[in-house]
Amino acid sequence: MDQRRALYLRLFAGLGALLVWVTTVAYVVERDDILRADLDPRIPFQVYKPPPAPDYSQASAWALLGEGPAGAAPADIFFIHSTTYDGGANWLGPIHDRTAERRLQQEVLPNHAGPFASLGHVYAPRYRQASLYAYRLTQREDAREARQFAYGDVAQAFHYFLTRYSQHGPIIIAGVGQGAQLADRLTREAAADPVLRARIAAVYLMEEAIPAAAYPPSGPLALCAQRAQAHCVVAWRSLSSGGPQRERILTRTLVWTAAGDLSDLGDQALACVNPLSGKRDDGDTDSDQNLGAANATGRRWNLAPPLRAKQVEAQCVDGLLSVTTPERPDLRATGDWAARLRSPAYNLFYADIEADARARLSAWYGGPLAEPINRTSAVQPSIVHSAPAGR
1 MDQRRALYLR LFAGLGALLV WVTTVAYVVE RDDILRADLD PRIPFQVYKP PPAPDYSQAS
61 AWALLGEGPA GAAPADIFFI HSTTYDGGAN WLGPIHDRTA ERRLQQEVLP NHAGPFASLG
121 HVYAPRYRQA SLYAYRLTQR EDAREARQFA YGDVAQAFHY FLTRYSQHGP IIIAGVGQGA
181 QLADRLTREA AADPVLRARI AAVYLMEEAI PAAAYPPSGP LALCAQRAQA HCVVAWRSLS
241 SGGPQRERIL TRTLVWTAAG DLSDLGDQAL ACVNPLSGKR DDGDTDSDQN LGAANATGRR
301 WNLAPPLRAK QVEAQCVDGL LSVTTPERPD LRATGDWAAR LRSPAYNLFY ADIEADARAR
361 LSAWYGGPLA EPINRTSAVQ PSIVHSAPAG R
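FYI, the working numbering numbers position 190 of the sequence shown as 190, with every residue one higher than the one before it.
Label-pair ranges, simulated between beta-carbon atoms:
(1) G366 to D38: 53 to 59 Å
(2) A37 to H168: 48 to 54 Å
(3) Q58 to G298: 25 to 31 Å
(4) A258 to R328: 39 to 45 Å
(5) L303 to T163: 27 to 33 Å
Note that these hints are calculated values from the structure, not bench results. Ideal Cβ placement from N, Cα and C applies to all residues, glycine included.
Starting from the given sequences, assemble the full structure and let the hints guide the process.
Laid out in structure tokens, this is it:
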């Protein structure tokens, strides 16, 4: 009798656990469907009226306008921010949406533009970004048109940047998330101009799936093969615990065609340059190579965050960067499902990116740069570098 009762108890416990699992899955699926529906503008993009266009001759159109060291600097950095506008009434985010602007200023710029702050003057345009819904939650034609529209603003900002602010010297192009995809197209078009291409010290396409074929070894700008190399591209998309998994990333990735359209990734291989080593398709790197992760959320632009070394290991696996879970909880993904689709409010490779960009600028100049500036000081000293060799 006791054995039969124990069997019944185990059976009921198993059925209870199964019911909880089914209920949880149904809740998650239904919740995501409801939230996704709430972010859908429910209007064809062809008849949608975009928000007012930014005027790049006005300071208000720039989130960062040449912020950096006083006087001369090694480089001009053109930084394209990630998605900060979730969606709802608009396919495109208005450039002064209050919530999107707060995320940009508090999270994206300190964590993802911050690594370049000691290396030059940073320019970050505001642009009518594709909403999170258009960028991560649907692949229908309306969303593709929204992304292409966003590129028009970025291209216009880059043209103004070149004609008004950066006529000479090396350039770094950097983007994260949606900004990386836009920077990918911008880089390909810039590479067609030999004079402009010669000025590009490095390109950083961070946390976005980019086709490796766009930057072949024989191309004008190739994926970086070593850290002491200029005129190359650093690109990766992380695969980590708490984030979207491989199948979701691969099936939802859209890539630029030569004609400037967006198409499915298909069976194209992805680009992966390990930010810990600065090499493409590198082998496993241990945590000793992690120079410093940072959570810079909420910090002032000119105040460098505390760095946490040896937090993660990383390895390029089939085009994606497999990253271990960091020890510190403030360096792990948190928040609701929408927050996990946006760029993280921390940077596991903060110091690694800074060191990588410094090495590539040294290669561009043919000589070492001065030591990093002290960004905690109120008045920042100029950076002195050797004259570029043969430029």
